[in-house]
Each structure stands twice: as structure tokens, then as C-alpha cells.
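Student: Here are the chains, one letter per residue:
Number of protein chains: 2
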Amino acid sequence: MELHQKSLTDAERIDWLRLIQTKNVGPRLFAELLSRLGNATQALEALPGLVRRGGVRRKFTIPDRQRAETEMAALGAIGGRAIALCEPEYPETLAAIADPPPVLFVIGDVSRLSAPSIAIVGAHNASSNGRRFAENIAAQLGEAGFVVVSGLARGIDAAAHTGALASGTIAAIAGGLDVVYPPEHEELQRRIGETGAVVSEQPLGTRPTARHFPARNRLISGLSRGVLVVEAALKSGSLITSRLALEQGREVFAVPGSPRDPRCRGTNDLLRQGAILTESAADIVDAVSSQVLKYRSPERPLVLLQPIERKEETEPTLDHEKIIELLGATPTGVDELVRECHMSAAAVQSTLLELELAGRVERHPGNRISLIL
Amino acid sequence: MELHQKSLTDAERIDWLRLIQTKNVGPRLFAELLSRLGNATQALEALPGLVRRGGVRRKFTIPDRQRAETEMAALGAIGGRAIALCEPEYPETLAAIADPPPVLFVIGDVSRLSAPSIAIVGAHNASSNGRRFAENIAAQLGEAGFVVVSGLARGIDAAAHTGALASGTIAAIAGGLDVVYPPEHEELQRRIGETGAVVSEQPLGTRPTARHFPARNRLISGLSRGVLVVEAALKSGSLITSRLALEQGREVFAVPGSPRDPRCRGTNDLLRQGAILTESAADIVDAVSSQVLKYRSPERPLVLLQPIERKEETEPTLDHEKIIELLGATPTGVDELVRECHMSAAAVQSTLLELELAGRVERHPGNRISLIL
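Chains as they are written, first to last, in this note's numbering: chain A, 1 to 373; chain B, 1001 to 1373.
Do not rely on the hints blindly, as some may be mistaken.
[Stated by the list, open to error] Okay, the calculated beta carbon distance ranges per label pair:
{"#": "1", "chain 1": "A", "residue 1": "Leu-246", "chain 2": "B", "residue 2": "Gln-1273", "range": "19 to 27 angstroms"}
{"#": "2", "chain 1": "A", "residue 1": "Arg-154", "chain 2": "B", "residue 2": "Phe-1213", "range": "41 to 49 angstroms"}
{"#": "3", "chain 1": "B", "residue 1": "Gly-1249", "chain 2": "A", "residue 2": "Pro-262", "range": "52 to 60 angstroms"}
{"#": "4", "chain 1": "B", "residue 1": "Asp-1286", "chain 2": "A", "residue 2": "Leu-246", "range": "19 to 27 angstroms"}
{"#": "5", "chain 1": "B", "residue 1": "Lys-1235", "chain 2": "A", "residue 2": "Gly-145", "range": "29 to 37 angstroms"}
{"#": "6", "chain 1": "B", "residue 1": "Gly-1249", "chain 2": "A", "residue 2": "Gln-273", "range": "39 to 47 angstroms"}
{"#": "7", "chain 1": "A", "residue 1": "Ser-114", "chain 2": "B", "residue 2": "Lys-1235", "range": "53 to 61 angstroms"}
{"#": "8", "chain 1": "B", "residue 1": "Phe-1213", "chain 2": "A", "residue 2": "Gly-145", "range": "57 to 65 angstroms"}
{"#": "9", "chain 1": "B", "residue 1": "Phe-1213", "chain 2": "A", "residue 2": "Glu-194", "range": "55 to 63 angstroms"}
{"#": "10", "chain 1": "A", "residue 1": "Glu-194", "chain 2": "B", "residue 2": "Pro-1182", "range": "52 to 60 angstroms"}
{"#": "11", "chain 1": "A", "residue 1": "Gly-145", "chain 2": "B", "residue 2": "Ala-1329", "range": "45 to 53 angstroms"}
{"#": "12", "chain 1": "B", "residue 1": "Gln-1273", "chain 2": "A", "residue 2": "Asp-10", "range": "55 to 63 angstroms"}
In short, the hints are calculated from the structure, not lab data. Remember, it's a predicted structure, so these values are computed and weren't measured experimentally. We treat Cβ as the ideally placed atom computed from N, Cα and C, and that holds for glycine.
For reference, chain A alone in the conformation it holds in the complex (with noise of 0.2 angstroms):
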């Protein structure tokens, strides 16, 4: 089977949206799922089987069909659609990353996700000059066949957008598609969606927090061929979006200015750092011109294995027990683990998976697991 550029039925879609959707199950697991189960609906009816292994005693159903069609209705009614990562509508650049969302909600010319794009991001509390410098550059930038991605933050994302809007900007949000945040920029947020698009991987309703953020800058870079960095704090979110472009091969773009503003000392550093110093569009124009597009026709992150046996126990195993000995709160190297339990990797993964979905262990970057105390 082959996952790539393959359009789902909606019944399909109905079953990706309730697998993401299930609690402990993140893109990476997603994506490992269906790599082990074929298929969402496979792995959909796997899962209570699995998370009892994994050492969950309570009884798990499998999320709600009647709640996903619902939630799909509704998405529908606001003109919004789900497009799965799968399906060629599905942005390459996006797809290119390590954990793309499996379900991208969209509202608006789903066909712009497609486009050549340039991140623009910055201060919420941007001085006067960086919001109009932001404003000229993205509306350059539209000029010249770029669409503009921000994350409708106020100051230098607002402005961007606001530059942007005659040539159909993106914004990536870190809520659900039916809430605006921050309530000021409803009617931006309505006007993008007219021209552009606005996208976001949460359900419908969701109020952003804190932890919805760094989840919604990698979606910023990630749609992105690279990240134009306007005005920025040490610290500040802008320059963790501008480090998750880095880790996903794309360029990232700074604009100088006076050591004396401290809003300036972020961009400063990036330059630094080595980012293409931005006076105008055409310093981006050229740099991504001659780009070679290290995500061009990536093989998507879900290549379908062999799915696993499925064994007949549903209790854990002495596996599990021997592998939860071993981890502590600090990560532990997957690999490291598996010369430890003297099991093959195949079967430390598989029971690493389970442990995940109970709720039990913990995936850290690097190849890492700690245990959940």
C-alpha cells in the first residue's frame, strides 16, 4: 500500500481524524500506527488490544465515530475541510516534516498550501518601523508569486498578513479553525480566509494555550520554503520557529537593526548565527531561487511495513515489565535499551509502542524514551 497521494473516502477521513484524535496519540505515533497497521481503520479497531498490553486495566473504546461526524459536519458548515496527509492536496513542504499533522484543517483556496511560500514572523510588540517594514516585504513578496505565511500574532504576523492579503496569504493558528485569537484579528482572520487560507491541526473549539504554540510554529515553518525573521527578542517565539525551520532544511532570514533595541537582539543574533541577511524581498527571492529543495518529493514519513502479529494476550507481558525496570525519569537511547533487554528491536518497539499509547512512557527527541512516573 502505498500512502502516498492517495485520496480518502470520507469515511476514511472520519477514521484519520479519530485516530489522531486519540488520547496519547501524537503525528509520530500516528504515522508509526499506521506504518505497523495498514491502515487507520486497521489500526482504530488494534488499539483497545494494544493499550491493555501497554498495562491500562480500565476498559478503552475506540474514539467516537458518531462525534467525528459530527465535528466534520461542523467543520464543513463554517466552509472549512480536513485534508490528511496523505491526500495530494496535502502541502508537500509540510509533509516533508518530521511530525506533520495527519489532519490539516483548512478554510479557504486549499490550492495556496501548494504554492512557493515565505514565513514572516516577529515581535507582538514590534516597533512602528518593523510592522511597515513586515507589511512592504510580504506585500513584495505576494508581488512576486510568494504567498506569505504568519500565525496571526499581533504586531509583525499581523502585519504581514495585512501586507499579504491581495495576494492570498496563510496563516496557521494555534486554536481551532472556529476560534479567533487574539479577538482582535477576527475580521483579519475572516478576510484571510477569503483570499488565503487559514489552517490549523486542532478540532473544532479548542482555545489555545500555552503548549499549542510551539506545536503551531512548526506548521509556520513547516509550509514554508523559509522563515523571514522581523524584529525578535533574545528568547522570544519567533526564534524558536526560526531553529524549527533549521531542523526542517528550510532557509532562515533575518532583518537587522540597532543593538541599541532590544527587540533587535534576536534577529542581530540569528545573523550571527549565519541567517541571509534581509533588507528587501529580492535579498529572499534570490537566496530561494537557487534553493534546492531538500523536501522536494521526500517519501512521506508513513511507509507501510509489515503489520505486526498480533498476539492473543491482552495482559501485559513480561516484556513490558522488564522494559519499564530498565527506564527511569531521565531518557534512555532506544537503541541503548534494546542492548539492555537482550529482545530484538522489533519487539522493543512494538512494546515501546503500547507502553506509549497507555499513557506509560514517553518519546523525547533523538531516539529517546523516558518513563512516566
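Dock chain B against chain A, hints included.
Tutor: Same frame as chain A, but now just chain B:
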């Protein structure tokens, strides 16, 4: 004869002064004459013959000794000194450039010329922010043990000198030591001479004109381990200084600024070309502390070769006319000339030296030469 670090007698120093003040003799030709004729006194004696062989028909008298002695006395009267390139007090960093002034005039503390130094240059019409930045960073560099070098111009230069007054700053000026330009910096120039030093390669009484400033700029960078540019428009004098610094193997530092301010275009462009981004003195101290001084203990550019054999004839010979015939207004490579004229390289060089002294040919960078029509 070893020209490196040899103190001169007063009479010898007078002859150095007479030779460099001879018509058509600049720093490079001065070095060539010394290397061919052994010392300034012998070079002066040979001059009339060389000039006649170069094709000047009118009577040539060597520069007047009395006049040079008077100038030296006038220099002493205002507290100044003349330091020759071969003397131990001549700053090593300046001696290492391609065309060091053979004689440097100094008022103030000569020992400051040999301390580690950083030049600070920038726009004359600098912003208030830029001036404050220059003054603060100059003070910090002074506290960190660096001598701040600048050009006594309006704007950034004046701010840098002011900030570094307490630690002893060096002003390299375009006119004579007894001329103040711009006039409003009379008090500043006097104060610099008290705690630091004012240097010039021009004779007393010289009023600076356009041609003196690029020559002065090479002194600023030549005296320094690195040049910091604070605010500079595109195509400004500060960018010339930074280009000279690169040619001299010195580090270039630049302060980032808003793309909306034309006074930051030049500095941002330097950053794009690889200048070190500078927000505080620490950025400079870090960079030069780890610097390998390429110009440390260099072979001084004056190396004595065998004196040329003095021919009897004083009239232009066939050689001279052959070379004149091959040259035109467009610069030609000397190597090419040697190949075309069927003379030895040494003979071509001697002939060119005579033609140059006679004001008939002009040297260009890259060992090229053109006819003065």
C-alpha cells in the same frame, strides 16, 4: 643594510623628508628608490640624473635642505615629531601595509601608536543613536585596553574620539598637523593630542582636499587591527576604509541597522559580505583576541637590493622611447611589457622608475602602468 628598526640621525631624517616631498615620489616609489640606492641621501643625489634619463629636459634641483630643516623646526615648535618607517617607534601595523608613509608626523604620546588598536569610522550625518553607540563602544574598547583610531570627521568619528579620550585615542588626519578640519573640532584635536596622538603624513600647512582623504583612510585602517563601521550609506568613505582594511588583512566589524535607514545600508551590506556583526565591545574583543596577527613582525617593505649601476648618459636612451611607444592611456601589465619589449625585467623596472620620476608614466594597482598623455 637592514632598514628594519634603525634609528636615524637628524640629518638622515631630513633627507627622508626631502625625498618623500620630491615631486612624483610617493610611498611606493620612495621604497623603490631606497631599495635601489641604499638610503635617502644617495637617492637624493641620484635624482637629477634619473629624472633627466626619464625625459625631463628642464633643470631639476633636488628638494631644498634648508626648507626641510625649517619644517622640522616648525614641527618641533608645535610639539610634533617625525618618525621614519625604519625607526623602532614607527607603528608595526602601519609598516605592514603595502604603501606605508615613509615619514609619519605625530603630536602626542608616540607609544600609543604601538598599542593594540581598533578603528571606529562611520557616517558624518550619523543619527543620534549611532553617535551614542560609537561613543559608548569606544569607551568600552578603551577600558578593554584598546586604542581607538578614527579620522576626526563629524559624526561617528568625533563620537568615537570623544568616548575614548580618557584612554588615549589616535586621530589620523588628512591635512597637516597644524591644520584643523573640520574647524569645529579644534578643541577635540587639541585634547586628543594631550592624552593620545594626532598623526598625519602631510607636511605642515597642508589644507586637506578630496585626494587626501582616501590616503588618510588607509592610515586609519593601517594603524588598526580591525575597523568597526557604525552607520554608513552605500558608496560612503567608511566603506572605502573597510575595503582598505580587508586589503591590509585587517578584520572588518559592522553594526547592524534598520533597512529603513539609508545610513545603515552600507553596514548591512558589509555584514552580508562577511563583516563581523557587532553589538558591543565584547564582539570585537572576542574576535581580535583569537586573531593571528598576519602583519606581526613582517618583513618591512623596504628591502635593500644591489644599487643600480649608474650609467653615464643623462639623456633618454632608446630603452625609454621603446617603452613609451608600447604604452598608452590604458594601463598595461608590467609583465606583458617585459615580454613585448625584449628587455630584461630589471632594465624595464629601472626605466619605468625613471619615467615615473619624470612624471611621464603612472602606476596602477596590480603591477600595471599607463602613459600620462
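Student: Against this structure, judge whether each hint is valid.
Tutor: Hint check:
{"no.": "1", "hint": "A:Leu-246 x B:Gln-1273: 19 to 27 angstroms", "result": "holds, 23 angstroms"}
{"no.": "2", "hint": "A:Arg-154 x B:Phe-1213: 41 to 49 angstroms", "result": "holds, 48 angstroms"}
{"no.": "3", "hint": "B:Gly-1249 x A:Pro-262: 52 to 60 angstroms", "result": "violated, 35 angstroms"}
{"no.": "4", "hint": "B:Asp-1286 x A:Leu-246: 19 to 27 angstroms", "result": "holds, 23 angstroms"}
{"no.": "5", "hint": "B:Lys-1235 x A:Gly-145: 29 to 37 angstroms", "result": "holds, 31 angstroms"}
{"no.": "6", "hint": "B:Gly-1249 x A:Gln-273: 39 to 47 angstroms", "result": "violated, 26 angstroms"}
{"no.": "7", "hint": "A:Ser-114 x B:Lys-1235: 53 to 61 angstroms", "result": "violated, 42 angstroms"}
{"no.": "8", "hint": "B:Phe-1213 x A:Gly-145: 57 to 65 angstroms", "result": "violated, 45 angstroms"}
{"no.": "9", "hint": "B:Phe-1213 x A:Glu-194: 55 to 63 angstroms", "result": "holds, 58 angstroms"}
{"no.": "10", "hint": "A:Glu-194 x B:Pro-1182: 52 to 60 angstroms", "result": "holds, 59 angstroms"}
{"no.": "11", "hint": "A:Gly-145 x B:Ala-1329: 45 to 53 angstroms", "result": "holds, 48 angstroms"}
{"no.": "12", "hint": "B:Gln-1273 x A:Asp-10: 55 to 63 angstroms", "result": "holds, 56 angstroms"}
Of the numbered hints listed earlier, those contradicted by the structure are 3, 6, 7, 8.
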